[in-house]
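> Please work from the sequences and hints to get the whole structure.
2 protein chains.
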Amino acid sequence: MPLRLNDLNRNVVDAQYAVRGALALRAEQLREQLHKDPGSLPFKYVINANIGNPQQLDQAPITFYRQVLSLVQYPKLIESPPSYIKPDAVRRAKFLLDHIGSVGAYSASNGVDVIRESVARFIEERDGYPADPDCIYLTAGASTGVANLIRLVARPGNGVLIPIPQYPLYSASLSLEGAVAIHYHLSEKDNWTLHHDYLERRINEAAAEGIKPTMLCVINPGNPTGSVMPDEDIENILKIAHEHDLVVLADEVYQANIFEGKFHSFKKIRQRLVSQDPKYNSIQLASVHSTSKGYIGECGQRGGYLELVGFHQDVLDQIYKMASISLCPVVSGQVLTELMVNPPKEGDESFDEFTKETSHIRETLRERAQHLYEAFKGVEGVSCYPPQGAMYLYPFITLPARAVEEAAKRGMQPDEMYCMDLLNETGICVIPGSGFGQEKDTFHFRTTFLAPGGDIISDQFVAFHKRFIEKWH
Amino acid sequence: MPLRLNDLNRNVVDAQYAVRGALALRAEQLREQLHKDPGSLPFKYVINANIGNPQQLDQAPITFYRQVLSLVQYPKLIESPPSYIKPDAVRRAKFLLDHIGSVGAYSASNGVDVIRESVARFIEERDGYPADPDCIYLTAGASTGVANLIRLVARPGNGVLIPIPQYPLYSASLSLEGAVAIHYHLSEKDNWTLHHDYLERRINEAAAEGIKPTMLCVINPGNPTGSVMPDEDIENILKIAHEHDLVVLADEVYQANIFEGKFHSFKKIRQRLVSQDPKYNSIQLASVHSTSKGYIGECGQRGGYLELVGFHQDVLDQIYKMASISLCPVVSGQVLTELMVNPPKEGDESFDEFTKETSHIRETLRERAQHLYEAFKGVEGVSCYPPQGAMYLYPFITLPARAVEEAAKRGMQPDEMYCMDLLNETGICVIPGSGFGQEKDTFHFRTTFLAPGGDIISDQFVAFHKRFIEKWH
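So the protein sequences, as listed, match chains B and F. When you number the first sequence by full-length UniProt numbering, it's gap-free, plus one each residue, and the end is 473. When you number the second sequence by full-length UniProt numbering, it's gap-free, plus one each residue, and the end is 473.
It is worth saying that the hints were derived from the structure and are not from the lab. Each statement offered as a hint is correct.
Note that identical chains are pooled: a pair holds if it fits in a single copy or bridges any two copies.
DSS-like mimics (lysine-lysine), calculated; alpha carbons at most 27 Å apart, straight line:
no. : residue 1 : residue 2
1   : Lys-94    : Lys-76
2   : Lys-409   : Lys-321
3   : Lys-44    : Lys-466
4   : Lys-345   : Lys-76
5   : Lys-239   : Lys-279
6   : Lys-44    : Lys-94
7   : Lys-36    : Lys-94
8   : Lys-377   : Lys-189
9   : Lys-466   : Lys-377
If you're wondering where the values come from, they're calculated on a predicted model, not measured in any experiment.
Here's what the structure looks like:
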């Protein structure tokens, strides 16, 4: 008899990952149907607003990045470059290949040394505090770094604090390890702030239940919330982590996507605390970053890094070993990580073009975010904070009681039903709040603001929302 | 207090991965020392014969592959290609980008559809039996496919059969899941054959101990053994899997590295059995392949695929979900997988160059394998099978009793001490048999035969071996 669900690892079966779940699969079905029979649906195309995947929509890659990536793939281009490839791209590719050899060779499991040194310089310039290349691990996107760290502390009795709402990589990674999640809710009424007295209470509650809180996951800028953490909140969180011996895992992949406020890295605030009192040197901090987000948006290239501060060498060795079992992160993704942290400088031949392209992407994202926010603002039963950071809006939606009952009949969460109807009627794919976790009896959805054609999306959304509310009122 | 080993997930701490373990790290130290102080060691350079990483040594990448990879990274090259880029490379890149959009966008979690279709055609041509693109999952190298499948069946009470000796990805993945390994030894005296009556006995023994054998891992061509499985052995293994309801996980990454004999895929033999008796349709077979091996050797690009046959849709959905949690395999690696399974054909502009390059690599590997084998053959206390497949020789070494005692004093396995001394004295890095598992009181090492300068390696090896034996006799 072939295997069935009951024969499988329970932790795998229980894991959920809404960002690529039922809605994303339905979106693919609809896309195929439109391809085969274009007139068969009430819309012309499917809009994937469920996942931050800019180059699937209309965002063009940055020329400098792609020139260097093409050169390292085919070094003959370095010898005889076409006239439209810039000399600084050629110099950079040559420098990298001199150290790497070939992008087709396995690198060290923690990544190429000169690239880790570049990352360290980037962090130092960003924060004003030094970084150690030996504590930087290049990764395939941010996901592998997160999954490995969660696996590392997943020991019976340990618990990992994760925000609600959260990016479901956290809950899924914990499920896969059969590890205990300790939820802490962000306060929606204060634009998704984390109150430190409440966090402390959750830590003590978990301890009282016999769970040892071991790691605290924070996402800043927030996913799905899009909020940006103030300096003093970060300081308070780090002090709590210090007091309770928690490893802080800071997901900072949206650090370059800021529309309002300022990004402060956990590393910078940690080092500031250390400069005030060396006792804070015992805070263990892991921070992840990625080439998939920012204005880069190179999701398919799987580049990223993990910085570890305050860890014992024994633990670093275990992290190295885990990385070594999958041999090495893709080397072209490592190259892209180097380009992210070390962009063209003033005077470099690519500088003007690079600046123009990145400014354009930033402006476009800002406009689209604002446009969508304005559209949501005018709709009854929808409320939403102005865009601050990341790639998402996360509106609160009020759903009629009859819709909630109907969803129960269909075996769905109410906001899941709402999103599924939205997709089936308009082709717009978003993710329900139930996929991220939310306060009981509240409903949300997360939408990216990456898609072009803002008016069409907002008009369709507004029309759908009215229909839905009328239907179930 | 920062985390120490006792605070971590026991399964992580227990996992071992010798291929990138103590010897590989020591090799890196020595390489650095030579870089800083070239005259400080009794050798001029370190030779990494510990890992199949051809492009770290002198193997050049295939021109056609790299041309297409550079074009998909920078599509402007497609519009105005330099004269040395072949038209079929341009056509292929254009075809792929028409379907993919951008290599910087996340693809479907199971990979790009047209590439999965290409893989299916490749399998069909290889085996003479059809393959279903929906049952093919593109992966980042073979490792992620293996790790996910092992995770999938890691359920308390289940056991996974792995060969001894084995590639340590298997034991490490089982350790990480806290899953039970059921070892089955290959018979060295019969060139590492798997005797099916013995396999059946091991299955029954495990069952008698209350373990449910669920999956059977096989590596063909063998790693570390280099042996190639005969047709009838594969048939016997599949019949046993059928009888005992075992999922077969066939690691076939060395299918193109054949020097002697013929490669038969598990899929082909399964379909042949099905054509004789449809009852064999219940055999669940997973097969992994990779762009890191063969004559391609593009290890750093992380391409590969997994084919699944005979699985229930519920189980396939779980495998899709696992893949989706890490979003998608690197897209440039997917492109390389397409190039691996769909090389230039006769009449294509790249065909002659491609044929010349791949023949050269094949011939070089064959010569180096033979050369190293001849060198080992003449050494007393070393015995070794002629190279059949994969990238390795796996000699049996006889070690003096005093060396065994000394190793115990140093807290090492005897062959680990041998390999460490070999590295320290000659710069040649190989992996001891204890890293792969071996019969008690037998000793081996695995060496790749990828390194150039065959005479130097074999002379140094022979001289070291004599010194070692004299020293401890």
